[in-house]
Amino acid sequence: MIPAPPVALGALAPVLIVVGAGLLVLLLDLVPARGGKAHLALVALAGLVGALLAALVRWGGAGRAFRDMVVLDNHALFFHVVIAYAAALIVLLSLDYLRRVGAESGEYYALVLFSTSGMLLLTSAADLLVVFLAIELMSLSLYVLAGLFKWRHQAGEASMKYFLLGVFASAFLLYGIALVYGAAGSTSFDRIAAAVAAGPRDPLLVIGLALLLVGLGFKISSVPFHMWAPDVYEGAPTSVTALIATGSKAAVFAALIRLLAAALRAAQADWTAVLWVLAAATMTVGNVVAIAQSNLKRMLAYSSIAHVGYMLVGLVAGGPAGTGAVLFYLLAYTFTTAGTFGVITLCERAGEEAVEVRDYAGLGRRHPLLALALGLFLLSLVGVPPLAGFVGKFYVFGSAVRAGFLWLTVIAVLNSAVAAYYYLRVIVYLYMREADGPSAALAPSFAGGLALVIALVGIVLLGVMPAPFADLAQAAVAPLLR
Amino acid sequence: MRIGLLTAVTFLPAAGGLLLVLVPRERERALRWGGLVVALLALALSLGLYAGFDGSSADYQFVERASWVPSLGIGYHVGVDGISLLLVLLTTFLTPVALASAWSAVEDRAKEFVITMLLLETGMVGVFVSLDLFLFYVFWEAMLFPMYFIIGVWGGPNRIYAAVKFVLYTMVGSVLMLVAILALYVQHGAATGTYTFDLPVLARWVVPPGPAQTLMFLAFALAFAIKVPLFPLHTWLPDAHVEAPTAGSVLLAGVLLKMGTYGFVRFCLPLFPHASLAFAPLVFALALVGIVYGAWVSTVQPDLKKLVAYSSVSHLGFVMLGIFSLNVQGLVGGLIQMVNHGLSTGALFLMVGMIYERRHTRLIADFGGLWAVMPAFSAVFLVVALSSLGLPGLNGFVGEFLVLLGAFRVNPWLAAVAATGIIFAAVYLLWMYQRVVFGEVAHEANRRLPDLTPREWAVVVPVVLFIVWIGVYPAPFTGPSEATIEALVVQVQSKASVALHVR
Chain E
0 MIPAPPVALG ALAPVLIVVG AGLLVLLLDL VPARGGKAHL ALVALAGLVG
50 ALLAALVRWG GAGRAFRDMV VLDNHALFFH VVIAYAAALI VLLSLDYLRR
100 VGAESGEYYA LVLFSTSGML LLTSAADLLV VFLAIELMSL SLYVLAGLFK
150 WRHQAGEASM KYFLLGVFAS AFLLYGIALV YGAAGSTSFD RIAAAVAAGP
200 RDPLLVIGLA LLLVGLGFKI SSVPFHMWAP DVYEGAPTSV TALIATGSKA
250 AVFAALIRLL AAALRAAQAD WTAVLWVLAA ATMTVGNVVA IAQSNLKRML
300 AYSSIAHVGY MLVGLVAGGP AGTGAVLFYL LAYTFTTAGT FGVITLCERA
350 GEEAVEVRDY AGLGRRHPLL ALALGLFLLS LVGVPPLAGF VGKFYVFGSA
400 VRAGFLWLTV IAVLNSAVAA YYYLRVIVYL YMREADGPSA ALAPSFAGGL
450 ALVIALVGIV LLGVMPAPFA DLAQAAVAPL LR
Chain G
0 MRIGLLTAVT FLPAAGGLLL VLVPRERERA LRWGGLVVAL LALALSLGLY
50 AGFDGSSADY QFVERASWVP SLGIGYHVGV DGISLLLVLL TTFLTPVALA
100 SAWSAVEDRA KEFVITMLLL ETGMVGVFVS LDLFLFYVFW EAMLFPMYFI
150 IGVWGGPNRI YAAVKFVLYT MVGSVLMLVA ILALYVQHGA ATGTYTFDLP
200 VLARWVVPPG PAQTLMFLAF ALAFAIKVPL FPLHTWLPDA HVEAPTAGSV
250 LLAGVLLKMG TYGFVRFCLP LFPHASLAFA PLVFALALVG IVYGAWVSTV
300 QPDLKKLVAY SSVSHLGFVM LGIFSLNVQG LVGGLIQMVN HGLSTGALFL
350 MVGMIYERRH TRLIADFGGL WAVMPAFSAV FLVVALSSLG LPGLNGFVGE
400 FLVLLGAFRV NPWLAAVAAT GIIFAAVYLL WMYQRVVFGE VAHEANRRLP
450 DLTPREWAVV VPVVLFIVWI GVYPAPFTGP SEATIEALVV QVQSKASVAL
500 HVR
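Just so you know, the protein sequences line up as chains E and G, in that order.
Residue numbers for the first sequence follow numbering that gives the first Met the number 0, beginning at 0 and rising by one.
Residue numbers for the second sequence follow numbering that gives the first Met the number 0, beginning at 0 and rising by one.
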């Protein structure tokens with residue numbers, strides 16, 4: 000008789016809380032309510048905060064469940080916190096945003112929660128099957144969310160493109176998993192590690208792992224698998240764009256780091272060379288193409304591609320320093336990016352969302368606080384001290400120099416100088432040009448304001464007092480890299 | 000944590016600026032006075048630094064340390080020696096002057112202007128007092144953006160182009176310096192086992208001479224050379240100066256350019272002595288080209304501000320010449336020349352700003368005969384112009400003379416070519432002065448220009464006072480720095496262990 004696998008739901012607690020909140024939202028949505036859908040957002044928020052707290056109390060523990068397919072170590076918990084934070088900020092921002100565009104709906108919050116649960120699960124995946132399941136759980140919800148504003152033709156395009164390229168990537172992933180399974184006889188990271196150590200040049204294994212990398216590369220929008228990002232970022236509702244740019248990216252990075260560190264450590268030299276090229280290409284293409292964008296959301300799409308490139312530099316550097324730096328970078332990037340998109344949700348032009356850079360002309364005069372917030376987020380993206388973005392870059396580049404990747408670092412810093420140009424262009428519009436039309440910024444409600452303040456405090460705190468957070472990031476990667 | 004005097008001087012302006020955020024923007028007078036008072040308080044505190052400074056010691060003084068990111072060896076470590084003390088004083092002196100000069104010139108968004116200026120002051124002072132490379136880099140980069148806003152928001156018609164050019168030029172240089180800082184940190188850590196960004200610790204060790212030291216030197220030197228600016232990296236400067244508002248120009252010329260030359264003295268010489276020596280001939284060549292080229296180009300400028308901007312290229316060439324002559328006279332001369340240039344060029348920009356406010360033009364051809372209309376203005380302008388061209392008895396002479404002396408000891412030809420720069424300075428400044436001030440009143444619009452107002456007197460008199468004081472009796476200014484500079488020269492020499500021309 001086959002013994003039933005031990006069920007240890009404790010290791011899934013944050014995921015389950017989020018899923019539970021999602022189901023509750025669906026149920027409550029059936030009850031007609033007069034006051035709009037704000038109570039659903041509140042439930043969603045409660046679920047995310049609950050997941051956050053559940054993750055925090057487990058810090059330092061190491062839970063394993065389902066025959067080691069799911070691991071709840073500090074690495075996963077760190078990402079749990081990042082993702083839950085990002086999702087919570089996005090729920091706070093969505094409240095006003097959806098009401099304004101008239102797209103308030105219960106399934107929005109439910110889908111955000113389901114997608115988030117996929118992200119959370121992905122960070123604890125220690126088995127390729129769980130990786131695949133979690134990615135699908137995350138992505139399927141995001142495909143729907145991307146097309147939420149179905150009356151906009153860009154939304155259909157975004158959703159369709161995201162879906163097609165996404166399943167394409169999933170196919171790569173699945174094919175890679177199959178090949179790796181053929182070579183290693185298992186999909187568990189531990190068994191793959193043993194197989195890699197035994198025969199790192201086994202062609203089946205190499206091809207399988209390369210396909211895995213392609214699949215994950217799609218999801219983090221690394222060059223040359225980045226084509227979907229600009230269209231999806233542009234067409235998706237801005238709050239969803241924020242979730243794609245922050246949470247989903249963080250989750251896939253978590254899986255990638257675990258895969259590289261836990262399963263592929265023996266082949267480090269090989270994948271380091273591959274990632275070196277990917278990092279250089281991703282940064283450069285992202286930044287150079289971003290210069291030419293006049294649509295702010297497209298520009299941020301390319302900029303987020305560039306930021307993925309910087310994070311890949313940290314993975315190339317490897318070791319506790321490099322990997323820890325990537326975690327810190329993701330934390331900083333999440334706060335900054337969520338904040339940036341948060342400001343965008345509050346700006347409109349002629350009843351439409353303000354997405355062109357020139358729509359932001361003169362915002363500094365009309366809405367000084369909002370402009371200041373956007374300006375600070377952009378400066379953090381540039382990497383100006385003392386803001387979070389700078390410290391993130393400093394950690395990543397420092398680890399790369401220390402690991403001997405001097406020229407990659409030179410490419411990276413030159414890229415960040417290029418990036419200054421297009422971020423500053425937005426600031427030019429904010430403060431140095433006068434408004435040329437009926438652009439308007441809405442005073443954020445309490446929820447939106449709270450989200451922006453949290454993000455702002457985050458980028459300043461991480462910038463001025465990075466040490467405790469960097470130590471947490473180090474503690475998070477320590478068990479992986481032992 | 001106890002807040003020391005140096006920390007107070009550094010952060011008082013920013014703290015004051017953040018407090019001013021609370022003042023409603025309609026209360027413009029309160030904002031302006033508040034900003035001025037904060038800047039004057041910072042000046043008063045920095046005078047405390049001067050009073051308490053022991054000029055006989057070459058060590059860092061008013062040192063404060065606190066741990067910041069211990070896992071990476073990053074600390075909050077500040078202190079001043081004879082070199083940085085003067086530059087801190089220059090900064091705290093020029094900031095209130097600049098704020099006062101913008102009293103009526105900057106009307107739009109006065110609140111943001113005052114706050115930005117105060118943030119800029121903290122950044123500038125921070126650059127000069129940082130003794131930790133990370134901290135230094137933070138200030139170095141952070142300082143860039145207030146200036147970017149000052150040029151871009153309150154500048155002239157082409158301000159956006161100038162502001163973006165200014166930032167991008169500086170960024171490209173400074174990001175490479177960041178890589179060099181990291182490389183230095185890693186090399187020092189690997190060699191000694193101590194991973195730290197602490198400057199005094201790093202300076203006790205020498206990067207082994209070779210390609211690594213050369214590359215690091217070049218990365219630092221590029222960042223600093225852009226800021227100085229050393230020919231041919233100067234092209235951002237005329238744009239930035241012409242477009243910046245007067246207050247921005249004063250601080251840009253007065254303080255920001257000094258960060259480049261200060262960087263060479265503080266970082267390049269002690270950290271990379273061999274490369275500094277190896278590249279000295281190149282620096283000499285570029286400095287000489289800058290001196291002569293800057294002067295020639297100044298001569299033909301139709302725009303007063305452009306003329307002063309190019310004269311900066313020429314004057315900063317002298318500073319670089321003095322620094323890289325690597326002897327006590329040259330370095331003391333270079334340092335005094337930094338202060339002098341800050342005062343005289345700052346004053347020149349103030350004077351240009353005053354007539355610009357009256358006539359809304361800066362073209363030399365639009366003026367003429369001002370002596371008859373504005374005698375007081377013309378007299379002060381004369382003193383400032385004479386100080387800039389190095390007339391004995393005024394400040395410019397002391398610095399240039401010492402620099403030439405130092406350069407002469409390295410190679411008489413250096414001094415000979417550089418001296419032509421002084422002659423050309425006389426040409427372009429006096430010719431400009433003649434066309435603006437002497438002769439008949441050429442334009443009707445100039446006939447009724449009011450002379451200096453009490454506020455303008457208050458702005459220029461302190462500057463002129465120092466111009467005369469340094470010219471007549473420079474000892475109080477050179478005194479505190481001599482011990483530091485002697486120690487620096489000895490340090491660089493012993494590290495490079497190459498015979499130099501000393502004393």
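By construction, these hints were calculated from the structure, which means they are not laboratory data.
Hints are not guaranteed to be accurate.
Facing chain G, according to a computed beta carbon distance under 8 Å, are these residues of chain E, among others [said to hold, decoys possible]:
#	residue
1	F65
2	V383
3	T408
Rough simulated footprint, nothing fancy, chain E against chain G, three-plus residues with beta-carbon under 8 Å [said to hold, decoys possible]:
#	segment
4	60-73
5	147-153
Not close to chain E: a few residues of chain G, all C-beta gaps over 10 Å, as computed [stated by the list, open to error]:
#	residue
6	G33
7	S103
8	V174
9	L177
10	H442
Just so it is clear, CB atoms sit at the ideal spot from N, CA and C, and this is done for glycine as well.
For each hint, the structure was consulted:
1. F65: Since chain G brings no Cβ nearer than about 35 Å to F65 (chain E), farther than 8 Å, the hint is violated.
2. V383: Cβ of V383 (chain E) sits 6 Å from chain G, so the hint holds.
3. T408: holds (5 Å)
4. 60-73: With 5 residues close enough to chain E, the hint holds.
5. 147-153: holds (count 4)
6. G33: holds (18 Å)
7. S103: Per Cβ check, S103 (chain G) is outside 10 Å of chain E; nearest 21 Å; holds.
8. V174: For V174 (chain G), whose nearest Cβ neighbour in chain E is about 4 Å away, the distance does not exceed 10 Å, so it is violated.
9. L177: violated (6 Å)
10. H442: Non-interface label on H442 (chain G) holds, nearest chain E Cβ at 32 Å vs cutoff 10 Å.
Violated hints for the displayed structure, listed by number in ascending order: 1, 8, 9.
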